[in-house]
Amino acid sequence: MPFSRENPITVQVLGICSCLAVTAQLKPAVVMAVSVTVVVALANLIISLIRKTIPPRIRIIVQLVVVSMLVVLVDQVLKAYLYDVSKQLSVFVGLIITNCIVMGRLEAFAMSHSPLESLCDGVGNGLGYSVILVSLGFIRELFGSGSLWGYPVCEKLGLYAAGYENNGLMVMPPMALILVGVIIWIQRSRNKDLQEK
Amino acid sequence: MSDWRYVKNDGGNGHPLRRFVDRIKPTFSEGGRLSRLHSTFEGFETFLFTPKEVTRQGAHIRDAADLKRSMITVVVALMPALLFGMWNVGHQYALATGEHLGWMGEWWFGFIRLLPMIVVSYAVGLGIEFAFAQIRHHDVYEGFLVTGIIIPMIVPISTPLWQLALAVAFAVVIAKEMFGGTGMNFLNPALVARAFLFFSYPTHMSGDNVWVSAKHFGDALSGATPLGEIMTSTAPGVDGLLQNMSYSMMDMFVGVIPGSVGETSVVAILLGAAILLVTGIASWRIMFSVVLGGGLMGLLFNAIGANAYMQLPFYYHYLMGGFMFGAVFMATDPVTSAQTNCGKWIYGLLIGAFAVMLRVFNPAYPEGMMLAILLMNCFAPLIDHCVVAANISYRKKRMK
Numbered sequence: 000m001p002f003s004r005e006n007p008i009t010v011q012v013l014g015i016c017s018c019l020a021v022t023a024q025l026k027p028a029v030v031m032a033v034s035v036t037v038v039v040a041l042a043n044l045i046i047s048l049i050r051k052t053i054p055p056r057i058r059i060i061v062q063l064v065v066v067s068m069l070v071v072l073v074d075q076v077l078k079a080y081l082y083d084v085s086k087q088l089s090v091f092v093g094l095i096i097t098n099c100i101v102m103g104r105l106e107a108f109a110m111s112h113s114p115l116e117s118l119c120d121g122v123g124n125g126l127g128y129s130v131i132l133v134s135l136g137f138i139r140e141l142f143g144s145g146s147l148w149g150y151p152v153c154e155k156l157g158l159y160a161a162g163y164e165n166n167g168l169m170v171m172p173p174m175a176l177i178l179v180g181v182i183i184w185i186q187r188s189r190n191k192d193l194q195e196k
Numbered sequence: 000m001s002d003w004r005y006v007k008n009d010g011g012n013g014h015p016l017r018r019f020v021d022r023i024k025p026t027f028s029e030g031g032r033l034s035r036l037h038s039t040f041e042g043f044e045t046f047l048f049t050p051k052e053v054t055r056q057g058a059h060i061r062d063a064a065d066l067k068r069s070m071i072t073v074v075v076a077l078m079p080a081l082l083f084g085m086w087n088v089g090h091q092y093a094l095a096t097g098e099h100l101g102w103m104g105e106w107w108f109g110f111i112r113l114l115p116m117i118v119v120s121y122a123v124g125l126g127i128e129f130a131f132a133q134i135r136h137h138d139v140y141e142g143f144l145v146t147g148i149i150i151p152m153i154v155p156i157s158t159p160l161w162q163l164a165l166a167v168a169f170a171v172v173i174a175k176e177m178f179g180g181t182g183m184n185f186l187n188p189a190l191v192a193r194a195f196l197f198f199s200y201p202t203h204m205s206g207d208n209v210w211v212s213a214k215h216f217g218d219a220l221s222g223a224t225p226l227g228e229i230m231t232s233t234a235p236g237v238d239g240l241l242q243n244m245s246y247s248m249m250d251m252f253v254g255v256i257p258g259s260v261g262e263t264s265v266v267a268i269l270l271g272a273a274i275l276l277v278t279g280i281a282s283w284r285i286m287f288s289v290v291l292g293g294g295l296m297g298l299l300f301n302a303i304g305a306n307a308y309m310q311l312p313f314y315y316h317y318l319m320g321g322f323m324f325g326a327v328f329m330a331t332d333p334v335t336s337a338q339t340n341c342g343k344w345i346y347g348l349l350i351g352a353f354a355v356m357l358r359v360f361n362p363a364y365p366e367g368m369m370l371a372i373l374l375m376n377c378f379a380p381l382i383d384h385c386v387v388a389a390n391i392s393y394r395k396k397r398m399k
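Chain order of the listed sequences is W and B. Under numbering that gives the first Met the number 0, the residue at position 29 of the first sequence is numbered 28, and the numbers go up by one with no gaps. Under numbering that gives the first Met the number 0, the residue at position 275 of the second sequence is numbered 274, and the numbers go up by one with no gaps.
No wet-lab data here; the hints were simulated from the structure. Predicted model only: the values in this text are computed from it and were never measured. Glycine is no exception: its CB is placed at the ideal position from the N, C-alpha and C atoms. Careful, some of the hints might be misleading.
[Stated by the list, open to error] Here are the in silico distance ranges between beta carbons for each label pair:
| id | chain 1 | residue 1 | chain 2 | residue 2 | range |
| --- | --- | --- | --- | --- | --- |
| 1 | W | Arg-187 | B | Tyr-393 | 38 to 46 Å |
| 2 | W | Leu-193 | B | Ile-391 | 55 to 63 Å |
| 3 | W | Leu-147 | B | Leu-374 | 29 to 37 Å |
| 4 | W | Tyr-163 | B | Cys-385 | 42 to 50 Å |
| 5 | W | Gln-11 | B | Phe-178 | 16 to 24 Å |
| 6 | B | Ala-168 | W | Leu-147 | 22 to 30 Å |
[Said to hold, decoys possible] Selected chain W positions facing chain B (Cβ under 8 Å, derived; list incomplete):
| id | residue |
| --- | --- |
| 7 | Glu-116 |
| 8 | Ala-160 |
| 9 | Gly-167 |
| 10 | Leu-168 |
| 11 | Met-171 |
| 12 | Ile-177 |
| 13 | Trp-184 |
| 14 | Gln-186 |
If we strip away everything but chain B, and leave its shape as in the complex, we get (with noise of 0.2 Å):
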């Protein structure tokens, strides 16, 4: 391939804030008064405008997309969820107080709700990237472009902003740099962020009170999650339960029920997962997979039947809670799911499978998607591990 798109992304040496950078960087450069900072300035630089450092040996393919760009992609992927969530916010605090705000006023009542999450999430995640980066003296990588825009929308509406943050500091140090930072990490760290959120302060994490933002910051009006229904439902059988029910399928598959702000509706879920798909981002592979296992698992738990939670028809696994933005946006991370196409099938498979036996097993914990990807994280290496091998072997009896 030629190199024609790097010279045209040069920047163009005419434009005023290209002219800035350019004049700034030798204090950042090597013996200028600010070279500590360099990384921090690199960062900024190749978020303003594609480097013109291209591979000039050794590697044989070349893109134009790289860490950034492959990043962004998956945040203009997570915007349909996040738009339709700040709308959805805005949405149930309207219907459990029966104030009238137009649909333009429920969206900006989510969106003042929301903002502040994101700020401090990214506030905090980049601070404390930044600083490793100039600790250790390497470039700022992009992953947490993506960690800190999920994890306000798989935390409850009501979380406090400083729980928030030091759930931020955990996940992105612990689960992070302590592996050595970007593409080094074996755990989710968004997932990590949420379940140190669920395991320290359970009380804002689970239950009935804590979906529905109220007029104040911080504080939440009551409103079950379908999942959390289901969990307190005394109706016998399966019928009993659906009924009982406070939310059509319909309203599942859009989303207008109470929720962490991104994981509510499928539809702009399935969207986002177009975008994924379409650009090559994340592996179809285990998206289809998670998707199968939680079926094959409903459909089993069907056959069985025991009890009315059991009966449940195995879609509505995928209605509720967050499953599916599980499936499409965190059980797909490049970096800690499996590498291996056959490794990929078997860690999707017992993702869903996972998930949907946690949610019907538990009594503890509604929502099992979360712990199964953990738990699936663990296991990649080792699942990859065993393809290899097998693979090994398979072709060292085909030699004989």
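The following block holds chain W by itself, in its conformation from the complex (with noise of 0.2 Å):
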């Protein structure tokens, strides 16, 4: 299940860079999110439907143009329909090309897996990925801009009034780290299995 016992940010540990990048808001979280699954999944289909007639000593280059060809067509369609965030995002939408997790199913399961099984795999580890990406947005966005997708929830509800303030840190990249870590430890004591001895 890539979703808890196998994540790939908070078990595999992969992807941690854009999480950190990202998540300072639920939106740009969102999208992000949306994005990695869509390239994750169709890059996974399309090197498995291909991947007995990639050469094996050049196979990480035509993994990177696959998942380049989709990152550039993603970066299109968000700057065509969702301009303000993917200014937002930056650069780390062209970043997903080097994501960890979409090289690192690419090389562990599509190069070895039948297209439906890889497609299905794709879209697991990229809801792993939102799962995670989705809450830390939530949770920083919250409390560090007291905002929920824009809308001023704190102001709304007459929480400054009552000597409320926003969290400075949350919005910080290093809380993001902690607050995954926070993740972690909880995913750890829930599930003994994946506890090192």
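Once you've looked at the hints, go ahead and assemble the two chains, each given alone in its own frame, into the complex.
So, in structure tokens, the structure goes:
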């Protein structure tokens, strides 16, 4: 189950870089999560379809070409329909090409499995990545900026009048790392199999 | 050594409190109704009485000073700085408003301001520690006794209580319990709490409007710390810098300046340092090397002298901000500092040097001590590893 027991972020600890960079607010986090899911699923499918024709010595280059093509497509779509978010995400959409989760799934799974299995694997890993990204975006935007999806929740609830203040640390990338650490901690204490001997 | 002291400290069965504790003990022991709260009970029992259990085998060093006793010694050593700090809170208030309180009135003003912070810090911190002890089925360790009193001493007096509570909770959970509790943390929890506040709520942690308490709780009057004054000074040259300062060296040495409660008075901190050194609780190597490191860095900057701050005489760094408090009470934390003797020297020297460097070079942070200590906390295990490895290779060479 790539959703929890083999979650790409909390168990395999991959894709941390983008996870720190784009989760200060919920909206970019969701867009990023969807983009990565689409890319990893389609890349898995395509590579799996052509896996028998790829010469082993240049397989990484072939994988990169496929991933780059998909990322360029995603980038263009974002620019066309979600220009603001695409501005916010800036280089991180392009950096999906080097996202360890994508490369890792291609190497470890798609190269040796049937197209259908690979597609499912890609979707599963993308969702595992998404669930962490979206929860981080939720927590960080709520406590760091006092809003959700741009809607000023804390202001509407009248919390500022009561002396509440936004937490500046939440919008800094280190806090994302700490939160990931907390999620890993909770997951491991609930699931003893994950603990190293 | 004979066992006389354990017999003597048996608590004396005649004492009413002892009898009460003995009577309720079965309830908390295994099989008792409240056995889940065993560690809570144990924590309070050993707080009241020296435990009867002694090491029966294996250990070759026997001493009456257990963790609880050494922690209490540190708390005692903190008292001069705390009591002076309370008076200073009231004194700064009186200076800022022109109100006449008398020295007892000034102390009382500070005491009333600080008491809620201490209560919140202990309640939140100990609450979490006890909760984790129950969940993990171990006894409550005493590390928080010191952390809980240090935290209110190193934050501005006007820090809102809910922010303080949040910071304490963050420090205890993230810096301590996450890594396994007392003795397992690699960062000083008190400094983590301060760092949390510093980065989360910067408007409450720096600037000129947080250090002097106003009449209402949580409000603050204007008053710059010496470090803040230097930071914003536009006077040309070091002479202009010193002339523009509102505090004399004597003010800073005695501690009648705005600042966090515990950090202002070098005299009171030195008194605490004497207690720690005489009882052998804190490492003199670390204390001395932090001071040395800061001094050397200050002298180096004096020699370069590229701007007014660099030309500031090196001993000013000891008097301003939290340098001495950090050197005496925070850098010497036995859990987070280097363990090898040689490592302690390296660790201390680098803390002092980094603290002064951060102060002079970083315009965003007037105070460098907190970040310097946290940084070296991270490197302490590496320093120890290198010292041990170097020693091994040295001895191997000698064998040949």
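Was the hint right that W/Ala-160 lines chain B, CB cutoff 8 Å?
-> 14 Å, violated
For W/Gln-11 and B/Phe-178, compare the CB-CB distance with the range 16 to 24 Å and indicate the outcome.
-> Holds, since W/Gln-11 and B/Phe-178 (Cβ atoms, about 22 Å apart) stay within the stated range.
Mind checking the hinted window 42 to 50 Å against the Cβ distance between W/Tyr-163 and B/Cys-385?
-> Between W/Tyr-163 and B/Cys-385, where Cβ atoms are some 46 Å apart, the hint holds.
Should the hint that W/Gln-186 touches chain B count as held when the rule is a Cβ pair under 8 Å?
-> 13 Å, violated
Hinted contact W/Trp-184 with chain B - closest CB pair below 8 Å | 6 Å, holds
Are B/Ala-168 and W/Leu-147 spaced within 22 to 30 Å by their CB atoms?
-> For W/Leu-147 against B/Ala-168, whose Cβ atoms are near 23 Å apart, the range 22 to 30 Å holds.
Close enough to count: is the Cβ of W/Ile-177 nearer than 8 Å to one in chain B?
-> Hint on W/Ile-177: holds, closest Cβ of chain B at ~6 Å, below 8 Å.
So does W/Leu-193 sit 55 to 63 Å from B/Ile-391, Cβ to Cβ?
-> 35 Å, violated
Mind checking the hinted window 38 to 46 Å against the Cβ distance between W/Arg-187 and B/Tyr-393?
-> For W/Arg-187 and B/Tyr-393 the Cβ distance comes to about 40 Å; the hint holds.
Evaluation of the interface hint that places W/Met-171 against chain B, nearest CB under 8 Å = 7 Å, holds
Given a hinted range of 29 to 37 Å, is it respected by the beta-carbon distance of W/Leu-147 and B/Leu-374?
-> Because 35 Å falls inside the window, the suggested range holds.
Are W/Leu-168 and chain B close enough, Cβ to Cβ, to be under 8 Å, as the hint says?
-> Where the cut-off is 8 Å and the nearest Cβ of chain B is about 4 Å from W/Leu-168, the hint holds.
The structure shown violates the earlier hints numbered 2, 7, 8, 14.
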